[in-house]
Every structure is written in structure tokens, then in C-alpha cells.
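Visitor: Listed below are the residues making up each chain.
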Amino acid sequence: MRASRGSLAAAAALSIGLAACGGAAPQAKAPEVAAGGTSAAQKPKTGGLELVKGAPKLPGETNGEEGGGDELGRAMNVAPAQQLGIFGASEASPHGRREAVKTEPFRLADLPRVEIPEPLPPAQAPIVSTEGEPAKDLFVDWDSALRSTSMIGRQEGYTSVRVSLRGHHLARIRIGNNEGTVTAGAAGGVYVVCRVAEDSVRRFVTARWESLGPAPGGEAALSIVDAWFDMHTCKATIVRRTRVPLKALAGGIFYGYREACAACSTGERVTFLSPNPQHIASAGVGGEATTTLGTLTRVVLPVRKGGGGSLVVRYSSGVLRDWLTALGRSESPEADVVAGIDIAQSVEDAEPIAVAYASSTAAPLASTKGRPPSHRPIIRHPAPATSVPPPPPKNPIKIPKPQPLPKSELADPFLLRSRQ
Amino acid sequence: MRSSATGLIGLAALSAACGLAGCGSSNPTPSAPAQTGAAAPAKASAASCQRARPGTGPTRVGPAREGSTVALVQNGPDTLAYVADADDNLLHTIDINTGTERAVTPLDGSPAQLLVLADGRVAVTLRDKNRVDILEPGASSNDTLETRCAVPVAAEPIGIAASPDDKRVVVTSAWGKRLTSLDAATLSVAFEVPIAREPRAVLVDDDGTRAFIAHVVGAKMSVVDLTNDKHDVREIDLRAKAVERSFTNTGKLRGGCQGFALAKSVVVEDDEPRVAEKPLIKGQMPKINKAPPTPKGRVFAPMVTVDPGELSVRTSGYGSNVALTASEAPVVSVIDGAAERALTTNVLADGSRHAGECLLPRAAAVSPADGSLYVTCLGIDALLELDSRGIDPMRLERRRWSVPGGPTGLALDARGERAVVWSQFDRELAVVNLKADQGADAKVTRIAASRKAKSEITPEIAWGRRLFHRTDDARIARDGRACASCHPDGREDALTWSTPDGPRQTIMLAGRLQTGAPFSWMGNHDSLKVHVTETFRRLGGIGLHDHAGRFDELDALVAYLTFMRGPTTEGARIDEKQATLVKRGKDLFFEESQGCATCHVGGAGTDSNKHDVGSFAAIDTRGGFDTPALRFVAGTAPYFHDGRYATLEDLLAGADGKMGHTLQLSRQDVTALKAYLETL
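Chain order of the listed sequences is A and B.
Our numbering applies: residue 1 is where the first sequence begins, and numbers increase by one.
Our numbering applies: residue 1001 is where the second sequence begins, and numbers increase by one.
In short, the hints are calculated from the structure, not lab data.
Idealized CB from N, CA, C, for every residue including glycine.
Take the hints with a grain of salt, since some may be wrong.
[Said to hold, decoys possible] Listed below are several chain A residues computed to face chain B (Cβ distance under 8 Å; list not exhaustive):
| hint | residue |
| --- | --- |
| 1 | E198 |
| 2 | N276 |
| 3 | A344 |
[What the hints assert, rightly or not] Below are the DSSO-like pairs computed for lysine-lysine, each with C-alpha atoms no more than 27 Å apart in a straight line:
| hint | chain 1 | residue 1 | chain 2 | residue 2 |
| --- | --- | --- | --- | --- |
| 4 | B | K1435 | A | K57 |
| 5 | B | K1658 | B | K1529 |
| 6 | B | K1658 | B | K1610 |
| 7 | B | K1529 | B | K1577 |
| 8 | B | K1241 | A | K102 |
| 9 | A | K305 | B | K1252 |
| 10 | B | K1230 | B | K1167 |
| 11 | B | K1583 | B | K1529 |
| 12 | B | K1443 | A | K102 |
| 13 | A | K136 | A | K57 |
| 14 | B | K1658 | B | K1674 |
| 15 | A | K57 | B | K1529 |
| 16 | A | K235 | A | K102 |
| 17 | B | K1583 | B | K1674 |
| 18 | B | K1230 | B | K1577 |
| 19 | B | K1230 | B | K1241 |
| 20 | A | K136 | A | K235 |
| 21 | B | K1241 | A | K305 |
| 22 | B | K1443 | A | K57 |
| 23 | B | K1610 | A | K102 |
| 24 | B | K1577 | B | K1674 |
The shape of chain B in the complex, shown without the other chains (with noise of 0.2 Å):
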């Protein structure tokens, strides 16, 4: 599965996008890109992505080598912020110490991270372009910064980091599930090798030999090897037991999502005096007292254990409907990076749950002035300050900050004394005095961003999509869990949960709400509308406000989910062989024999009808599934109603006779007829 460099031809996917333009599909395109104004980047070569004049402008700052939506940068006197703006695929160039927006760039696509290089290059993923450009900066912090170069990747790139050596920049890509190893200086591609669904966060170790990488699903984490020739991938199992029902070890291992957020630890070398400790008894010689150290070596996970309930039976809502049990328990899972094992074994998952929680972590950083944690959390809007000693370093949160709302981005400056978070939904940057515990000093300078006049998100996309974030709602769940909390940036957390019907997968929303109606695994409901309350109903919320004359509050939160981008693969770094493979795969899937278009009209659409394909289990209520749209159907894991399927190939074997034929296939064909669901 590995592929070379020289096996690889950019932009090769195209075909395999005309193809699906082909199929006639009634499901809209993947999402384009908001403008199209920016000027194509030069294709990466070596000359072209170098600096045009080294040695002038921000340089960066702190020892920090893994991307967010937000970087620290020094020009002289000025202390710059490049700031991500994934809404209006912009890069802002804000001066903290002057709460001054100094320069905003325009930008080719939507950024996801950017990553300050060792000479002053800017590298963002743009996750709509599937590429990464290099930008250089000017001399003067009010200068726009200048595309050198654009590097195709997997699709969907997000993560990004540098080794310390500031050789190599490691590249996460979450729809392509890759993960892309570049030379820092000339951007070519070294290697990349296929890792988990859903990879983005990323970072590499002290020395330089090994990436770590979060995965939004699936309670792991990867660790790619990114020296030895092999490049192998592992994984760690980073699920935990549950300690709940009186905080008893009930050895039931949980599961996770939201691994969204990475960070390592940092060694803070001791330089305070020594405290004598006075002698117990007189006539003793004082004990000198030597400071606890700061842990080693060890990847801090924020995440959430997910308890989705006894498939079993069936329950009133979704999950488990013993109360003694929380359905989403916030945990940081810290790994011994030598040992590539986790420390963190067990998590606090009882009923006695608090209000506040940090159930959707998206952005952390170490200090390197105490090796404090510090996560950001959507939901709550807060930033969180975490004792980095703790197994479970959640449980020791030792303060908090409130922040604007939509917290994605974090970076510490280099002496640990102030965070910079971005707040993507509010487009503002917090600054936060770190050192200030209490009065004028603790409070949080906020910043307001530019945006464009006419954004593509309207006020009432950006209420729908706070309220589809948001925890701690009565209104929506009673056990505070948010829309995210199942459908992490609008996909899905591959988990099968309990319900009133039986077991039913989470389904992924984003691209595939526009023309999906029925809804629900039943084709219960004809309108979003319906379906979005009777979900809060089953999670115990008492539904959304209509303010009449105003606002309705159902009516943004619909808004913000049929605006919801799915991923794309146009322009993403593809195989050709596998282009060719998909090319013999949809063949196959429009063949009679096979039948699967029969109902999955035009390939990832659908007739809109119930059908009895034999899937109908004892747990069930009824049998009689409405067809589910194969849109981005290769994200979306495990699969049929209850997830009894955990890969595309189980399925096509499982479901024969039922559902379309494909006992008759070669191997070859099976993998073929994946290759191309794959890219619907």
C-alpha cells in the first residue's frame, strides 16, 4: 500500500472526479471552493518553493513544531499571530501586543492549519485544494504574505508539523487517510503511507524519528516510523476502562472520538532555588528539597470515551439508559512515546457528571515555562489549564479561561506567559495572561478579525452551526452531549449505538443532507426539521426556541447543516493504478449483474424507497430500510444499520443476494467495485 514519489502524479484524481461528474448523480458536487479568485500557485518545485529573500521578516517563535489554525511569529518589536480563517480562506496577520489586525491574505482555498517554518515560510493545508501552499512573508509585519509554491496531497489535508530538525514537514490527510512526509526545504514528497480513517492532529517525537497522529475516531492514535526505509505504521489502543457505577473499575473498556488535538510534553529544566525543608527533629541537618520534575516523553491525547450502550437492547434514547453511566466522559489519554503504550488505562465515566465539561477538545499546547497542558474546548468556549502530571490529565484542571466562541486554535508563546487562542465562530483572537491568576492583568484581550463583506457564512449558518456545537444544553441532549459530540465535524463517529429501534450506526451529515430526504435509517421523517427534533427528543432535550419575528432557531441549525462541506478529492495526489482501478470498479457497479444501481441511483444516490435486503435482527423493531445514499460512503464505517459490517469488503461479501450480486466477482473485481465506492 506503500507508494513512492515516483508513483505518484499529482492532480491524477481528476479523472476519477470527471467520472463521478458522469454518473449523473442528483447529489450535489463536492464542495467548491468559496472564491476562485486567488491566483493559481506555482506547482512545488525546489527553486520555486525556496524563500525569494531569506533572512527578512517574522521569524518564528518558541520551540513549537505542530501546526494550528494559529502561529506566533516575532518582526522586530512586533509579536505577530498568523491566524487560519477556515471561513473565508483568508490568513490574518494580527499583532498581539497591539490588539492591531496588521495585514489579511487572501488564500487559495479553506485553510485547516498552517505551521511556521525554520526560515520563515508559512505551510497551510488548504482541506478543500487538498494541497499545501507555501507562503513567504514580507519584510514589514503589514505585508500580505506571497504563495511560493503548492504541494498536492492526499485529500483533505489538516495536520501538520515539523520534525525538530526542521528537515521535514509531516502532513496529515483525513479523507485520504495518509499520511505525506515533505522535504521542509524543497516540499517534494519523501514518502506517504496509508494510516487510519479520520487522522489530524500530528506531531513528531525529540528525536526526530518517529510521527504521532490523532485520529478523530476509533480510540487510537498512529506512530509512523519516518527514518527507517519501511515507514512502519502502528497503533495504539487508546481506549480505556470504565471507572463509573460508584466508581467502581467495571473493567467495560470504552470507546473514543474527538481526537482531534495533540501535544507533547515538554522538559522544564528546574532552575528555582532550593527550598530547605526545616528538620523534624533538632540537631538534623535541614533536607534540601529538589523540585518534582516534569514528565518525559509522553503524547497528551485530548479526546472523549463514548459509551453508546448495550446493543442488546433497545433503550429510550441513544446509548446506555442507566444514568450511572456517562455516555461521553472527557479524558486526556497521555502515551509513554518510548513505550508507544498508553498510561492513561482507566477514566472516570460515572453518572455524577458536571455541567462544563470539555466533551469537544480541538487545539492543545505544552508550556514550556511549568509543562502545564493547555486544550481549548468548542462547547464550552473555554481554554483549560491541565496539570501535564496526571494519568488522566482532565481530571486535573487546575483553571480555566472563557474565550470567544469556536475555539480551534491555540499556541503558547516562548516563554509560556500568554496563550493566543482563535475562535473560529466568532473571529476573534483571545490573548490570555497566563501569569495573572486574578485582576485586570487575568483578563482576556480579544481581537477582532477581519472577515469578508459577503461570506459564504451567513449569520444564520453561524448561529446553526454554535448550537450544533454546543454542550451543555438542556434543550438539546439532557446528558449534555452536543450535535458534534456524535457527528465530529459533521461526519460521524463510527460508533453503532442502542436505541429505541435497536442498534443504529451514526450516519455522517456533512454533503449528503441537501437532497437526502426521507431521513432516518426508516425513511421515518420527509424533512430535516422533523428528524432534527425527534433526535433531541430521544436525547432527552426539550427542543429549540422559535423567536418568533426574530429567529428560528431549528431553521440555523438546518441551515448550518445542509451547508456542511463533505470532503473532496479534486486535485488530491492519487495513484494511478488505482485511478485505473476505480475506472473498472464503476463498471462493475453499473453492470445489471452486479444491480447495485438499481437502487443507489446514478452511484451515490438513491431511490428514495424502503427495501427489505435481510437485514432485519431480532433486536429490530421492524424491518424495511429506507437506501441510504453512498456519498462519501468509504468514510463512514462500520456499516448497514447496526454496523454489523466493519469494512466495505465484509459488506460487498455479506450482503450478496440481499442487496445486489457480487458473489460472482474475482477478488480483483471486489476490490475494484471498493476502489470506486470509495471515491463517491
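Excised from the complex, chain A in its bound form (with noise of 0.2 Å):
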């Protein structure tokens, strides 16, 4: 022992003070040591303080290792923090615990670079009539039509039919200024004018749709085509289709890509696609973020130096099972999800710092009362083969099938309504 002459005198004085002190504080019991504790024969050099092991306690006090409390020190997947049992008397807090996160670190460089054509530009719609390829996967749903009161009497045009896709479950489709998102079985799509004059002035209008699927390796793709929607035939003809190949991120929760962008100052922007959030917030450090929802979502993060984007969304179990299903992934989420990316670059990091991460959540709706919490698993990586697939909601949805239409009635629908 080298301690110096003051801070021996110190220990004895300070010995000596607590033997002063008087007052019998009660011994308390030191708690168990785990493996390599102290040994009653491996007495630590004090200076002569008069010690004890381990914290004081109450009568009957208990802490985690003793009765009630979580098991100290196991690794866990976020969870049991609470080790105050008192006298076995639980007061948690009714609220879920949080799961843990599974976090994805990804290099933007790594997402496919690509080059999105724009869209065909208005002015330069044909007039008269078109040639190429006809748009077999368009549908047209006469059902939905409205029929126009022209004043001069005439009705053979509609003000108002819905245009789909089949064959499409994760889609959005324009046409002229109108936007709307496709989903399985031709639903969703935009309402467009039909039947127009032949010889309207704007009787062509720009299309575009774009569809979400599957690709080799686990991955997806985008197919992106763009057409001349025809407002006298209720047609369009294909002009160009473009692939754009995706990567995946967080168990395919999101499909990105780097897209060039003369108005950005890093000369690109990044594009994440989600599935139809309950919840969703984005926000731009230095930059703007847009969210454009629908079965297909779009997220837009700025990537700049010094700045960055975040993007934090909430799915319901079933949405994103659909999704994924759709995707052919096989992970099956059993619980609802929280899901996000996170972009960053400092000054000092020389590329941008990007992660998706997405854990499953118990903690019920802000906007919802009474639903009580689940400890449910996060998406499993990837599910067992021998998996029981999960119960049926208790209510569904029942959404029909859609029914083929007649074959006169999607070749010339308006000659079939007008002998009506």
C-alpha cells in the first residue's frame, strides 16, 4: 500500500468520525454476487473505512434478482427494465413495451442510379390518332361511367369513367392531371372524361402508370409506362415502358432509388416506395421532403451535405402482409410495424450515413382507445416453412372478386349503352 501519510490520516480521521457518528443504521444484507464476486477472503485495503457491502435496504425491500422482478442481466430483445418488485405488488405501466429494432445500415451508392424519362409532354399529343402499342392492361370500368347532359341533346359522351389497371397490385396511374393509386383486382385508378368529339382538340392526353412487382434475387422493379390515353376510344397506346430495378430495404418494406435531379444540389434525389402507411411523417434537413400516399406511397428524401432526410411510417399487420405477398417476400408480420429511413451526411462524412430500420409495435393507436397491448414478435427473417398462417381478422372486409366483363361491352361499350 502506498497511500501517503495525508490520505492515511484522512481514512483514520474519517474512521474515527463515523465511529463518532454513533447511531445503529442496520446492517443490510449484501446482495448475491455473480460469478467472480467478491470473496469474504479478498478484503479490499479501505485505509481503514469501516465498510459494508452492497446498498442499503428496508425491511422486506426486494430488488430484481429477488421475487418479482425481471431477471437481471439477460440480453434481451427490449424489454423487462422494471425490477422494482415490491412485495410482489406490480404497478407497470399499462402501456406495450417497445420491440426491439432491426436496423439495415445501406450506402445510397448502392441503390440503383436511374434515368426516368419525363412524362410525354402535352404538347406534343398527336391529333388525329396514334400507332403503336395498344394498352391491354388498361380497364375501363363503364360501370362507374356517368353520362354527360350535353344541351344540344346528344349522350353519347361521359363526364366521368374510372380507368384501372388489371393485373396490377401495387400501382399508381395518371392520366392528363388526374393521379390515383391501382390495387389488386382493377380497384382504384382515375376518372377520366370519355366519348369525346373525334375531332376534339384535346382528345389525346398523356398517361402514365407505374407498377410495382417482383424481380430475381428478392428484389423488385418498377415498370414505368408511358402512353397516349385516347378520349374519344377510351384506349391508349403505349409510347415507351421503362424498367426501373429496386432495391430492397428493411425485409422489403421499402424499394429505393437514386434518381437524377438537375434542381437538387447533389444532382440527385432518392426515392423510397411503401406500402399504404396508417401513419407517416417525413421531414428534410436542408432540403424538402414529399410523400405522395396510396397503395404505392413515394417518399422523396433530400440528400445533401450537411442536411438529410428522415422518414418514419406505421403499417397495419395486414396492409403490409399484402404488400408482401405481393412482392412474393415471405415474411409475414404478425403485428402492426414501425418503419423508417434515416439519410444524413455531416460535413465531415464523406457520403451520406443512410439506415431503414422497422420493429413490430404494441403500443395501440394515439388515435385509438381500449385496444389492449400485444407482445407480438417482429416480422419473422424469413418465416418457417411449417408456419401456421394467422387467424383471420374477426370481421373482415369481404372485397368481391372482380367478375369479367362482357366481351361486347369492352369492345364498344358506348354502342352497347346508347341501344339500351
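Hints given; two lone chains; assemble the complex.
Guide: Here it is as C-alpha cells:
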């Protein structure tokens, strides 16, 4: 021991002071020490201090390792930290505990960089007719059509016809200035004007539809079709097709790509496609984040030095399950999921630091009450082959299968209806 | 405001303290040290501070240069943890390989943080002694440490850090609101600068030019230039926009609290073999993946964002009535160090909160192995592993471990394979194997530390302290808040909350409750137990248990509340000019023309009566407020029950004629009066 005279004196005085204090404080029982704990034979050098082990305890007081509390020190997937069992009385919060977050760092450079052509310019729309590949997957829902009430008595025009896509589960369609999302069974879509006069000056308008589908290697691809939509015949002629490879993130919840952006400071922006969210919030630092909601939700985040963007979303398990199934993935979430993407580049970062994450959540929605918290596991990666499919919801919403339309109506609905 | 080393005299605050004693205040004197037996250390001098036996004994482990309540050293085969035990004024030396306590060194005061210097000396901030003590280890791991010298600094030193070149040591003083820069070799004061209130953790950036400082209140971070002559101080706004009510960006800025800890990013070199990605199309060359990089130049500040509610409405409790908004939402604010700007501009604060949130973060460190951020949390007694790549790493919690109660300190080993957590409440050191996810290896090893047989911390006080810091306890608050959420360190959050009576500013508790009856702004409660019970009711808590025949939890909580120590300025460095100003201010305070002492008896005391000082506002239910004690008034801004005055100067100017008379005073006299108030 090399304690100086000063410290020895201090220790001695301290022990004297303690002894003089009197008062019989109860000697607390020292808690058990895990492997490697101090044994009685290995007394530490104390400089003469009168010492005991462990925290002072009240009569009957327990802590984590004794009754009621969780096992201390267990490496957990983010769970029990409540260790103050008070005589077995549990006063735990009614809120569910946070599940572990699975994070997936990624490099923006690993996202495919694509050149997506601008939509067809309306100024170059054909005047009389177009030639090219007919858009066979375009679906016109004549049952939804509303006739116009023309002042001159002609009733062959339709002010509003729903146009969607057949065979696309996760898609968006834009005709003219109207944009909407498309889901399975040719649901969704946009309403357009049909049966305008053959010599109308605005007979042809631009159309674009984007559809997400599975690609080899567990990835996905975005098909972008540009076409001219003929408002006289209610048909479209395809001008070009663009295929955008995507990179899956967070177990297939997000699909991302980089895109050239002349207006952006870095010359590019990052787009992420995701399912229809319950809640979504996006934000940009040093730029603006834009969100377009729908079955094919699109979020564009700014990328720049000294800034970045973030996205946090909550998905219902059902929507997410449909999304993953449509993209050929085997994961099957059993609880709602909170997921997100953070991208930031500090001044000293050589490249943007990006991370995607996801976790199941037991917390009820802020807007709902009385929903019991659940403790379901995070998305399984991958789902076991012998897994039992999740039970159907108690009150499932039945979606009728789309019925094929009569060929005659598809061929010339106007004539068919006008004869009625 | 900058004071040079030559313009300062150590221990000059004694005159101010003596002045206080002469005031006849009925309040207890500033907290006295628990033990007085330790030898008075030598004053700082170049010779006395340096090592007596250079090159012997334990040496520092790892690249970290930030102080904590625990630090790791290596002495031959022994990996030792030095632990600062604030309760019993001890420094424990614990062998984490064998789980044995090798030595216990008594200290002269309550240690807040310790830092191992490059040559093996240990610098300890003694919070209640207002100085930094330098200790030297012996050659053996079993040796107690020897005090080499002591350096007086501004009141209540807490945070300590070294520059990367180990030439400079910086110290934050919580009550003194100062950053002091010391020469690491001689411990002489290089400079001292004023900073915002309640500073705690400090770190120096990688090139040693700036210090970043966390503040418990105010949602801000201070940045101090260390190398230029001016030592400019800048502040970074850490407030964040709320994302609430169904994840919508409301744009409402949330204040902050609980800024105790800091950590900076560590660049991790990618030495893993590159992984070849299979080509999607046959015939293509395989793509070589490069591992994603770790962040660089970032500072992480674990804290809590707070929404105290709309002050224009009365609420049923403390804060918003709207269940869609979380009053307290934890966040790790990420700062772009080079730009001195927060990257975390939004915080998720909707009502769908989880249990087990880290509402009381206390220590942080970044792993040199993979850049992960580790944070210890009071309340839930846990160590969290967060992904530091996120804009708010608190959302990216990957793992957590239960640790013994009261984890106030954290250290990682050089390879980031083990975390060592000091838990003050349980007096235990936890060694966490970070490499093991499951199985026996994943179990946390607990090592019990010694305590004084007749510790000041009685079992009842210890239990009260646990209750005070307990989060997610339905007996205390419906929304998971702890007492310490609004009263960090027993003080106050510098916020004004919407309440059933109208807006009310949080009051400081530590050191003020011993003789503070009646309680509440309106003086409604004659007993602290009644007041605490009413506070729980307002928070939606169901109240504490009375374990008949064993102990009453409310008694335990009250015992802790009245035990909590306030800051002391005794022995702190103080400007001589300031001491003169304080003396003049005291004279003014007790002059009849000002009339301050009529109600604020003896300076810090109170006449325990209600007065209408014209502070009633339309939103208040009624006027007539209990005279508050002015003890520690300097650290309790904003002022008045509704926080209408941001500073003491505003208060003195705005309350003239209603609460004393100050309009006749010159600017210099007002400054003197303020200086005196700051000593109370």
C-alpha cells in the first residue's frame, strides 16, 4: 500500500468520525454477487474505513433478483427493465413495451441510379390518331360511367369514367392531370372524361402508370409505362416502357432508387416506395421531403452535405402482409410495424449515412383507445416453412372478386349502352 | 464576463458565504460534506500536481477522453474500474476480470465524475467542494490512490474531459455556469468562460479546438472555442419539431430537459472482407459491396423533449390534456459537429407511447468496435444499444440490458466488447458482455461495491431516491413521468406547465424543502406528504403504498426530498470584483427603501404568508401567492408563478411597486442586487 501520510490520516479521521456518529444503522444484507464476486477472503484495501457491501435496504425490500422482478442482465430484445418488485405488487405501466428495432445500414451508392424519362409532353400530343402498341392492361369501368347531359341532346359523352389497370397489385396511374393508386382487382384508378368528339382538340392526353412487381433475387422492379390516352375511344397507345430496378430495404418494406435531379444540389434525389401507411411523417434537413400517399406510397428525400431526410411510418400488419405477398416475399408480420429511413450527411461525412429500420409495435394507435397491448414478435426473417398462417381478422372486409366484363361491352361500350 | 486566471482568487467566495451566514436565514446552510476526515489536499502547483512515481501503476484504457462515474484502466493483467461513489465520497478500485474490489480510497467530497489522464493520474470533480482533485495510483492494483493536489473551480464542478492530445482538461461547473480549462500537466487554470445554466457532460472534438457541453435544461448545447484567444461561446438549439397526432408534423417546437450525457462518433475502419454480391443477370461481373460507413464528426446528446402544454388554457394535470401528445418524448439529438447544427429536427412524440422509454438518460458512450451508441437510463435501470447512424438514434434501439438500480456511469473497453456500468442506487458495478446476444455469456456480471457502514444514505432515503427516479409507475404518473422528469437532480426543468390553477413554473426542490412549508405556489399544503400526494393526483397517479408495519413509501420519498442537497458555493473560484458587488447587493437587499427583506426574511427565507403582488393573470384561478423562499433563486429561472420573467433583471424591473421597490436603483445597483440574489 502506498497511500500517502495525508490519505492515511484522512482515512483514520474518517473512521473516527464515523465511529463517533453513533446510531445503529441496520446492517443491510449484501446482495448476491454474480460469478467472480468479491469473496470474504479478498478484502479490499480501504484505508481503515468501516465498510459493508451492497445498497442499504429497508425491511422486506426486494430488488430485481429476488422475487417479482425480471431476470437481471438477460440480453433482451428490448424488454423488461422493471426490476423493482415491491412485495409482489406490480404497478407496471399499461403501455406495451417497445420491441427491438432491426436496423439495416446501407450505402446510397448501392441504390440503383436510374434515368426516368419525363412524362410525355402534352404539347406533343397527336391530333388525329396514334399508332403503336395498345395498352391491354388498361381497364375501363363502364359501370362507373356517368353520362353527360349535353345541351344539344347528344348523350354519347361520359363526364366521368373510372380507368384502372388489370393485373397490377401495387400501382399508380396518371391520365392528364388526374392521378390515383391502383390495387388488386383493377380497383382504384382515376376518373377521366371519355367519348369526347372525334375531332376534339384535346382528344389525346398523356398517361403514365407505374407498377411495382417482384424481380429476381428478392428484389423488385418498377415498370413505368408512358402512353397517349385517347379520350374518344377510351384506349391508350403505349409509347415507351421503362424498367427501374429497385433495392429492397428493411425486409422488403421499402424499395429505393436514386434518380437524377437537375434542381438538386447534389444532382440526385432518393425515392422510396412503400405500402399504404396508417401514419407517415417525413422531414428534410436542408431540403424538402415530399410524400405521395397510396397503395404505392412514394417518398422523396433530399440528400445533401450538412443535411438529409428522414421518414417514419406505421403500417397495419394486414396492409404490410399484402404488400410483401404481392412482391413474392415470405415475411409475414403479425403485428403493426413502425419502420423508417434516416439519411444524413454531416459536414465531415464522406458520403451520406443511411439506415433503414423496422420493429413491430404493441402500442395502440394514438387515435384509438381500449386496444389491448400485444407482445407479438417482430417480422420473421424468413417465415418458417411450417408456420401456421395467422388467423383471419374477426370482422374481415370481404372484397368481391372482380367479374370479367362482357366482351361486347369491352369492345364498344358506347354502342352497347346507347342501345339500351 | 470572461475572467482571466490572474484575475481570480481561489476560495474568495468565502466572504460571500460568510455574508450569508450573517443574514440570519432560517434555512440550512449549504450542504456540508458528509465526512471531514480526509486530509486537506495541497493547493495546485506545477510540482505538486505531477506524478510522484511516473510510469508506474494502471494506465488508461481506450481512446475515450470523457469523464464519467466509472473509468477503465489496465495494470498488467488486471483490468480495473475506478468508480466515483457520490453517496459515500469514495473511489472504488474494482477488478472487472475477477469481480473483486481491490481498494477503496476515501475522497474529501462527493465525486461527480472522474477522468484518467494520459499519465495514469485520476482527476475527480468534487461537486460539493468546488474543486478538482488529482490522485495518483500506486504500483499495485490493490493500492489506494494518493491525492496529489486540488484545483478550485467555479461552483459545483461535474463534467470533465480531456483534449485528444491530452494537454488540456476542461471542467463544467453546474451551479457556477462556467467552463474551466486546465493545463493537464500542471492543472493551472488556462481560462474560464461563462456558459448557459446547468451544464453537465463535456467533450472535446477530435482536433481539440472546441468543447461541446450538454445542459440539463433549455434544450441547448454550448460550444466553446478552446484554442483561439477569445474563447467564443456559441449555443446550438436542440429543440425539435413535434411529430404527433397520427404522425403528422405539427411544426410545434418542443423544449428539452435531461441533457446529462454526451458522446461523440467514432469512425470505425472497415476491416471486414468485402462481400461479393451475386449478379442479377448472368454474365455480369459480381458487384463488390462496400460496407456502409459509420458517422463522422457527430455529437450525440441523449435527452427528453417536453411539451408543457398550452399556457393559455387550464388543464386537469401538468401539461396538455390531449392524449395524442406525449408530454415527455425521449430523443438522442444528433449534432453535426463541424456545422454546429442539429441534424435531429423532428421528434416522434405522439400519444402511442411505449413503456420502458428512456426518460432519464444519464451516461453515453460510443463503441470503438462498431460505432454503436450506448446509453444508460435511470428509471428503467437499463443499458441501451442504439444505432448511431440514425437521425434520432433513440428510435433505433437494438438491444437493452437490465442493470442494477441507478446507472449513472458508463465505460467501454478498448475493443468495445464489454460495457461497465456503475449503478449508484444499488452500489453495484455491472459488466456487460456486448458480444454475446444469448446464453450464459450474455448475463450481466454484478459486482457489489462497499459502502460506509454508517452511510448518510439510510435505507429509507435510498428507497425514496428510487421512487423519485422511477418511470412508468402508475402510482406516480399516468404518462410514465418520474418525479425526476420535471425535477432533474432535484432541481427544476426551467419550464412553465399548464395546470388546473393556470400556468405554473416548476420549482427547485433540492435543499429547499427542509423548512419550506407551506407548499405549492398558493401555499395550500402545510405538509410535504399532502403536497406530494396532490401532485401525484394531478399527474394521474394512484398514489404510493403504505406498507403497514414495514415502511411507508411516502415517508421514504419525503425523507429523500428533504435530504436532497442543494449546490454550495463554498470554496469555489470567484471573481474579487464579483465579491464586492455581492456585498453591495446585500446591503441594498436589506435596506428599507427596497423592502426586499420584509417578506424574504433574512435573504433566502420567507415570511410564510400570502401576498398579492399584482401577479394575478386572467388564466389564474385566484390571486395571492405564498412568498417563495429565495434560496437558490439564481438557478430557478424563469421567475414568478407563470414564468413571466426570464431573468432576475427582468423580475427586478417588472415587479417594482408590487414587490419591493427597485426603480430608484441605478443600473449598477440593480446588477449588485442581482449578484447578491445569485449567492442565496
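Visitor: Could you run down the list of hints and mark each one as holding or not?
Guide: For each hint, the structure was consulted:
1. E198: violated, 46 Å
2. N276: violated, 13 Å
3. A344: With Cβ-Cβ at 5 Å, under 8 Å, it holds.
4. B:K1435 - A:K57: Distance ~33 Å between B:K1435 and A:K57 Cα, so the pair is violated.
5. B:K1658 - B:K1529: Roughly 32 Å between the alpha carbons, so the hint for B:K1658 and B:K1529 is violated.
6. B:K1658 - B:K1610: Answer holds: B:K1658 to B:K1610 is near 13 Å, not above 27 Å.
7. B:K1529 - B:K1577: Measuring from Cα to Cα gives roughly 44 Å; hence the hint is violated.
8. B:K1241 - A:K102: holds, 25 Å
9. A:K305 - B:K1252: holds, 26 Å
10. B:K1230 - B:K1167: Holds, because 19 Å separates the two Cα atoms, which is no more than 27 Å.
11. B:K1583 - B:K1529: Violated, at roughly 38 Å.
12. B:K1443 - A:K102: It holds: about 22 Å lies between the C-alpha atoms, which stays within 27 Å.
13. A:K136 - A:K57: violated, 78 Å
14. B:K1658 - B:K1674: holds, 18 Å
15. A:K57 - B:K1529: Given that 27 Å is the threshold and the Cα spacing comes to 22 Å, the pair holds.
16. A:K235 - A:K102: Violated, at roughly 46 Å.
17. B:K1583 - B:K1674: With a Cα-Cα distance of about 11 Å, the restraint between B:K1583 and B:K1674 holds, given a limit of 27 Å.
18. B:K1230 - B:K1577: It holds: about 21 Å lies between the C-alpha atoms, which stays within 27 Å.
19. B:K1230 - B:K1241: Violated - the C-alpha atoms of B:K1241 and B:K1230 are around 33 Å apart, more than 27 Å.
20. A:K136 - A:K235: holds, 9 Å
21. B:K1241 - A:K305: holds, 21 Å
22. B:K1443 - A:K57: Satisfied, since the Cα-Cα distance of roughly 24 Å is no more than 27 Å.
23. B:K1610 - A:K102: Between B:K1610 and A:K102 the Cα gap is close to 57 Å, so the pair fails against 27 Å, i.e. violated.
24. B:K1577 - B:K1674: Distance of about 14 Å is within 27 Å: holds.
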